[in-house]
Amino acid sequence: MSFFKVETRNVSLYYGNTAALKNISLGVPENKVVAIIGPSGCGKSTYLRLFNRMNDMIDDVRVEGEVLLNGKNIYADGVRVEEVRKRVGMVFQKPNPFPKSIFENVAYGLRINGVTNKRYIEETVERALRQAALWDEVKDNLKKSALALSGGQQQRLCIARALAVEPSVVLMDEPSSALDPISNAKIEELIWELKKKYTILIVTHNMQQAARVSDWTAFFYLGELIEYAETKDLFTNPRNEKTQNYITGRFG
Amino acid sequence: MEHYKLQALRQRLYDILFQVLALVGLLMAVLVLLWLLVTVFEDGIGRLNRQFLTSFPSRRAEEAGILAGLVGSLAVVLLTILIAVPIGIGSAIYLEEYGKKNWFSRFIEINIANLAGVPSIVYGLLGLGLFVRWMQLDRSLLAGALTLSLLIMPVVIISAREALRAVPAGIREASFAMGATRWQTIWHHLLPISFPSILTGIILAVSRAIGETAPLITIGALTFVTFLPDSLHSAFTILPIQIFNWISRPQAAFHENAAAGIIVLLVITLLLNATAIYLRNRFSR
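These protein sequence lines map, in sequence, to chains D and Z.
Residue numbers for the first sequence follow our numbering, beginning at 1 and rising by one.
Residue numbers for the second sequence follow our numbering, beginning at 1001 and rising by one.
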């Protein structure tokens, strides 16, 4: 068994012959937010996508080591990737709602799980939209197309869509980098709230954001995990010189 | 300073010159089409009446009608759609969504692109050998539809692939990340989103199929048919063959019939295109 909600043990990932992640061991305790920071191309997003096996979509990718979700290796034989993804929600950099109504976007996860109880679906949609702090803005327009929402609203809709199926872990890949400061602040507030129920991994380019929202921070550089520490320690007292240089803006 | 003014003047001149050239090109295309339409309408409009639409061909030009060709064309095209569209879209889905990208898929891709450029008469010969002779379908409606299906399949596949490829990557990712299977992603998102473009491709292909003559002559569609097809194995004729037949007669009265037939064919093609545009606008909201 694992002490952590999700964990990677000696994970390396190769695109063809090039290693994009090198021997990474890292654990995330339940109901904590872990921020992953590092310069572009350091493997942050690739690392995040290990946990819902989105890297599988790319041809020629090979993963070594173990990725544990609730203590079970999700890369083991016989694990259905769809089942993993139903338990690990993901929010992407660019808001990507389906070109359907607001309601149908949030209900989608239930529909593919074969849920047909109308009342239950309605309740779940409302709960998810409330959790994503979007309910008050859209409750009268649930039939409206999701594409008519603003960028920030679309992103919160995508969060609601991920939350509707009650995943154990939520992955966020630079969730507010495409948004204006006010939407950004809303998303960060939201992450604070969500932490009570979910375990969250967030990739971000914005170090203030990492400092604000996360409990733990991991610094990646060239596919390696350089430093992993409690956020306040990492930002005030980094142990590694590279971390120091990155957070003080000397490269990256 | 002078130099720049001159330069600007020259640029302006080129701009105007190019505009004129483009306009001439457009006018030439439109005028030729217009001339064709005017002559056809002049010759044919007098023959276009209820009797013409509901009669079988005849030795006497004034008693001859387009019924067999009209029904034959519609039947062949309908069958062609039923055969080519599911197979074509299925192939596109496989190539785009399931198949791995390797030398074999590239080989198939190149072949499909080439097939789209093969002269239609070659498809006729293939249909003659494969469907008429080997499968012993004879000169039937089914053999004709299968031949035309082969003919338009590459176009359907290529346009459906393009349409699938044009779906934003974010939609695919979002669906997979929710735990949807490949098939659910295709059925719930990719097909509905790409449907308008796929439809456009299909209609263009069908418009081509309805005007094709050579392959059906090759497989032996009849030229003088005085009955309606009543099964997949019936002999049949199509509008273009009927038109071709009338035009090759010496009597001027038959030429009027041909012109009237052309009008009918044009109207059908226009209707098809109009339907396509209507459906596309409706579904792409």
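Calculated directly from the structure, the hints in this document are not laboratory data.
These numbers were taken from a predicted model, which means no experiment stands behind them.
Treat the hints with care, since some could be wrong.
[Claimed, not checked] Computed list of chain Z residues with no C-beta within reach of chain D, every gap over 12 Å:
#1 V1030
#2 V1040
#3 L1067
#4 I1081
#5 L1126
#6 V1167
#7 I1171
#8 E1173
#9 M1178
#10 T1181
#11 I1193
#12 G1220
#13 D1230
[Said to hold, decoys possible] If you anchor each label on the Cβ, the simulated ranges turn out as follows:
#14 Z:L1270 x D:M57: 40 to 46 Å
#15 Z:L1270 x D:R127: 50 to 56 Å
#16 D:P39 x Z:Q1007: 25 to 31 Å
#17 D:E123 x Z:T1181: 47 to 53 Å
#18 Z:A1166 x D:G249: 55 to 61 Å
#19 Z:V1267 x D:V115: 21 to 27 Å
#20 D:N70 x Z:L1078: 54 to 60 Å
#21 D:V61 x Z:L1078: 42 to 48 Å
#22 Z:R1282 x D:R111: 42 to 48 Å
#23 D:D77 x Z:A1166: 33 to 39 Å
Every residue gets a Cβ at the ideal spot worked out from N, C-alpha and C, and that includes glycine.
Here's how the hints hold up against the structure:
1. V1030: 37 Å, holds
2. V1040: Non-interface label stands for Z:V1040: nearest chain D Cβ at 43 Å, farther than 12 Å.
3. L1067: Per Cβ check, Z:L1067 is outside 12 Å of chain D; nearest 45 Å; holds.
4. I1081: 27 Å, holds
5. L1126: Fine: 35 Å to the nearest Cβ keeps Z:L1126 off the interface.
6. V1167: Z:V1167 is in fact no farther than 12 Å from some Cβ atom of chain D, at 10 Å.
7. I1171: 6 Å, violated
8. E1173: At roughly 6 Å from the nearest Cβ of chain D, Z:E1173 sits no farther out than 12 Å, so the non-interface label is violated.
9. M1178: Per Cβ check, Z:M1178 is inside 12 Å of chain D; nearest 5 Å; violated.
10. T1181: It is violated; Z:T1181 is separated from chain D by about 6 Å at its closest Cβ, not greater than 12 Å.
11. I1193: It is violated; Z:I1193 is separated from chain D by about 6 Å at its closest Cβ, not greater than 12 Å.
12. G1220: At about 47 Å from chain D, Z:G1220 clears the 12 Å cut-off, so the statement holds.
13. D1230: 45 Å, holds
14. Z:L1270 x D:M57: 40 to 46 Å: 44 Å, holds
15. Z:L1270 x D:R127: 50 to 56 Å: 53 Å, holds
16. D:P39 x Z:Q1007: 25 to 31 Å: Between D:P39 and Z:Q1007, where Cβ atoms are some 46 Å apart, the hint is violated.
17. D:E123 x Z:T1181: 47 to 53 Å: Cβ of D:E123 to Cβ of Z:T1181: about 26 Å, so the range 47 to 53 Å is violated.
18. Z:A1166 x D:G249: 55 to 61 Å: At 40 Å between Cβs, range violated.
19. Z:V1267 x D:V115: 21 to 27 Å: Cβ of Z:V1267 to Cβ of D:V115: about 50 Å, so the range 21 to 27 Å is violated.
20. D:N70 x Z:L1078: 54 to 60 Å: 55 Å Cβ-Cβ, so the 54 to 60 Å window holds.
21. D:V61 x Z:L1078: 42 to 48 Å: 46 Å, holds
22. Z:R1282 x D:R111: 42 to 48 Å: Taking Cβ atoms as reference, Z:R1282 and D:R111 lie about 24 Å apart, which means the hint is violated.
23. D:D77 x Z:A1166: 33 to 39 Å: 36 Å, holds
When the structure is compared with the earlier hints, violations turn up for hints 6, 7, 8, 9, 10, 11, 16, 17, 18, 19 and 22 and for no others.
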